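Peer 1: Heads up: the protein sequence lines correspond to chains Y and P, in order.
With this note's numbering as the guide, the letters of the first sequence map in order to residues 1 to 845.
With this note's numbering as the guide, the letters of the second sequence map in order to residues 1001 to 1225.
Read the hints as simulated data drawn from the structure, not as lab findings.
One or more of the hints may lead you astray.
Unchecked claim - Keeping only pairs whose Cα atoms sit at most 20 Å apart, straight-line, the calculated EDC-like set for lysine to aspartate or glutamate is:
| # | chain 1 | residue 1 | chain 2 | residue 2 |
| --- | --- | --- | --- | --- |
| 1 | Y | K154 | Y | E126 |
| 2 | Y | K13 | P | E1064 |
| 3 | Y | K703 | Y | D647 |
| 4 | Y | K703 | Y | D541 |
| 5 | P | K1003 | P | E1077 |
| 6 | Y | K301 | P | E1136 |
| 7 | Y | K301 | P | E1074 |
| 8 | Y | K301 | P | E1064 |
| 9 | Y | K301 | P | E1147 |
| 10 | Y | K228 | Y | E126 |
Just so we're clear, the structure is a prediction, and the values are computed from it rather than from any experiment.
Now for the letters of each chain:
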Amino acid sequence: MGKHNTGFSWLLKMAWRDGKASYGKLLLFVFSITLGVAAVVSVQSFSGLLKENIAKQSKALLGADYLIESDKPVNDKVMGIMDSLGGADAREINFLSMAAFPGNNGTKLMEVRGVEGGFPFYGELETTPVSAVNDFRNRGALVDATTMLQLNLKVGDSIKLGAVTLPIAGELETVPGSTSVFGAIAPPVLIPFQFIESTELVQTGSRVEYKYYFTADEGQDMAVLGEKVEPILDAEEADLDTHLSEARRLGRRYENFGKFLNLVGFIALLLGCVGIASGMGIYVQMKIKSIAVLKCLGASKRQSYLIFFVQIACMGILGGLLGTAIGYSLQQLFPILLGDLLPVDVDIVLSLQSVLLGLSLGLAMSVLFALYPLMKTLYVSPLQALRVVQETKSRSKRATTAVGLGIVLFVFSFSFWLLGDFMRSLFFVGGLLVVFLILTAVARFFMAMLKKFFPYSWSFIARQSLKNLFRPQNQTLVLVLAIGIGTFLISTLYFTKDMLLEKAAIEDSANSANMILMDIQNQQVDGVSNTIKASGYPVIDKIPIVTMRVETLNGRHVEAIRKDTTSQVSRWILNHEFRVTYRDSLIDSERILEGGWVSSVDADSDVPISVSSDFADRAKVTIGDAVTFNVQGRIMNTVVQSIREVDWSRLQPNFSIVFPSGVLENAPQFGVMTTRTADDKGSAQLQQQLVRDFPNVSILDLKRILSLLEDILGKIGWVINFMAFFSIFVGVAVLMGAIYSSKHQRVKQGALLRTLGAQSSQILKMIAIEYAVLGFLGAFMGVLLAVLGSTLLAYMLFETTFTLSWVPFFVILPAITLLVFALGVGNSISIVRNSPLSVLKKEKE
Amino acid sequence: MSKILKVQHLSKTYRSGEHDLNVLNNVSFEVGSGESFAIVGPSGSGKTTLLGLCAGLDTTDEGEIWLCGQNLFELDEDGRARLRNQNVGFVFQDFQLLPTLTALENVIVPLELRGVKKAADLGKELLTKVGLQDREGHYPSQLSGGEQQRVALARAFANKPAILFADEPTGNLDDETGTKIEDLLFELNKEQGTALVIVTHDLELAKKTDKSIRLRSGKIEETVG
């Protein structure tokens, strides 16, 4: 007997013929997959473009091909290296300082950049007027344009930096090397290099950066340069930054955020796939008679299976294409949403990679998730064409396991591709599986309990609605999954954002500071203190600071550790100039993890110090280890007595190293003071007076920093919420798909009930109760899972305690329940619109 | 006359809960090429089960069925499907047109499954033969019951089957339409030399066939002709 003579073209033809009559249902599948693909493609493509643009504009970001920098004046050896490189083409000294504007009594903490030479060599110094680019180089200042606007300054006004007063030559729009985020706290002011010294602002404790800019010869290899120069510079406590390393560093910073957003998008896609799996199940159920007839007419198992497989593959491709197109359009919004958080302007282009990604995701995900319901077609008996037969064959266990494993493997592989980290991908897939399993278990448990303890005494309407929740082909599982995951995502993001903001918030008590005064010289301490008190404000903290560098760790000199290629000690430990304080007690943001706190010492033996956990981790030291410091020329032996956990996110002065009282009191030092001003006006007045009397003292207005932080979190939150809303949109699509798929059954049930005397309002009430219960169950489980997830995030990632926010319970939960209710009832109105006779007649036909 | 269908000692038992339900019991008969054959009997007598088994839609462990020279129970499901596609036509009581396909598309499915070229032209010819040349683009839901059954007849005869199984072909139609369908069925049977096996309650229809058997409780109660 011959084989079947049909080929792929017949399958395509049949898939098309069947599909065009069922396009409404199939379009809902396309919609589910489209939104998910759009979410992933938009983020993935934008991340790629951002990285590309950073790489393209890396020279403009740095202003040169490479630079050598140090936080102290460079020594002869570094000078020698620079000479061997042909000498620096430009140099810069920068530090933070208060700037005063005598014209309007304004003050502001600014990043003072004294530049010399032709800097920048790449990118542009954009100023208004344009001529100011050159005008300021003789005797003038370029002041950040936003600051000019805020303080109502104009070109020609004066700026006072320490002992120097300069005319403002122009507004500074952009300058390579100043980031907009940091610029919002301390905006840049450019002055000629030769005026730095006469400002008299470079004093003990000042954080000064010395930068030397170079242009490279054509074809000069930055990697080779790094290999040759970096080890020597390291030993001299200087650094080499090339435009390539700068691009990598910036790229990494945005990559993590991109990866996180990608995962949010991927969850939306997975949610869409759950909808496809459920919708396909109902779709195949409706096609059983047709499949049986096809088999009667001689179609093989494979052929009848492939007709629907081809259909879903085409839907996947279509969804992938549409998703890519929408994703491409959506990424145009990211620069608007993220605003100046982006380091470069991003040109949005459609890449072939994005199209391929969208297509393959759409195809692979829809096919993978449809495989299980499609398997049912294999077991349809042709006898079904003659009569209703009970299904005897169930899906093969081996095939079911293979499909399940295929899905998990694909999801894991894709997560790994997104994250590039095995363990993180494992946690992501594991976490997702747990959420899916919990929601599935809850939905099943709910149905089982409802069946077991069914409230037979309730009204007819209530009983009918509840029965709908566990009738054959019910939507309970898929809707609880879709609503639950959407709510889980939105609520987790809300809890996390709240947690981060609360962690950073300034405690609103009389004792907490809202202003930090830095770089106070020893002889200025009393004067600054008196000025604060005279203004009517308290001096909350007087914190002494001594600068020092690590000399040896457990007897090994830093020089030897640097040369040891196997050493795990961080370069930060070996090169950094630490700002150390001394006191006799712990502060709010600290907690002892190991060892014991020593409040004061008198003896001349090794000083018992306390180090932060990250210092201990990066210096590879533990309790009892010896650390020698070079305190401005004097060697001091210490021993690690305690290791502290420090909450660095608190807006207050925190320290890696704390000495006990009685040791550093006579060392050269400077100080930090904190105070609490009553209002913005009082704060401005105090700042003006301090800048006038103590020009070297820098002032951090914590209220301003907090509002800036809120602004940044707000912008990031926008993007995250934007992505999370995709999950809700997909959830809505899945919900509508589920409602639409089961509509046929509901229409028939409604018609029968109405034939038996039920009123339209009674039928609508049944539907309303059903969807309200489903909406509430899914959303409530989502919020509960979010509490669990956020608690884990709080302890494991943010290392803080979880504080419950009520918004998800009182806003998100009712809103989503209402949405499900409205969609459910809205889509079911047509059920009561058709006359019972027309429905039953159609059914008979 | 060569035998197109041979049924020998056929029995079928279904498991219903804890009990075995004997639906067919030692049934044997033969149908020759071009012959018309009726299976009659009351509801629940096993008529449809017998038809399903004869057409290879179901299997049993007891007895043998030879269809077009092939032992049906020696073939797997796909083998039986191929045999049906090449030799068997079907007409069902509730028409069983594929609801998502037009009248013409329904008719040509068996032809396309065989890889016949110009299937559409042949399909149009068949639709003309059953008087539905103007309805080829209509979906089943847009056709009356009689029209749907005529499309089903056109589909059943599309691949010039050696044997056609009809399950209550006029059961869902009014008398007038039913008679027209019966006439068309026998006309095509004569014209194409197709053997016809009809399951029916209708004794008048059974009388029009060359031979018939009456089933009761799964057993042959009477053989006519």
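Peer 1: Hints first: check each against the structure and report whether it holds.
Peer 2: The hints, checked one at a time:
1. A hinted pair counts as satisfied when its Cα atoms are at most 20 Å apart, and K154(Y) with E126(Y) qualifies at roughly 16 Å.
2. At roughly 38 Å between alpha-carbon atoms, K13(Y) and E1064(P) are farther apart than 20 Å, so this suggested pair is violated.
3. Note on K703(Y) and D647(Y): the hinted pairing holds, with a Cα-Cα distance of about 19 Å set against a maximum of 20 Å.
4. With a C-alpha separation of about 17 Å, the suggested pair K703(Y) and D541(Y) falls inside the 20 Å cut-off, and the hint holds.
5. Of the pairs offered as hints, the one joining K1003(P) and E1077(P) is violated, with about 23 Å between alpha carbons and a cut-off of 20 Å exceeded.
6. At roughly 28 Å between alpha-carbon atoms, K301(Y) and E1136(P) are farther apart than 20 Å, so this suggested pair is violated.
7. With a CA separation close to 18 Å, the supplied pair K301(Y) and E1074(P) stays within the 20 Å bound.
8. A hinted pair counts as satisfied when its Cα atoms are at most 20 Å apart, and K301(Y) with E1064(P) does not qualify at roughly 24 Å.
9. For the hint linking K301(Y) to E1147(P), the alpha-carbon distance of about 30 Å lies beyond 20 Å, and the restraint is violated.
10. Among the hinted pairs, K228(Y) with E126(Y) is inconsistent with the structure: their alpha-carbon atoms are about 35 Å apart, more than 20 Å.
Hint check: violations occur at hints 2, 5, 6, 8, 9 and 10; the rest are consistent with the structure.
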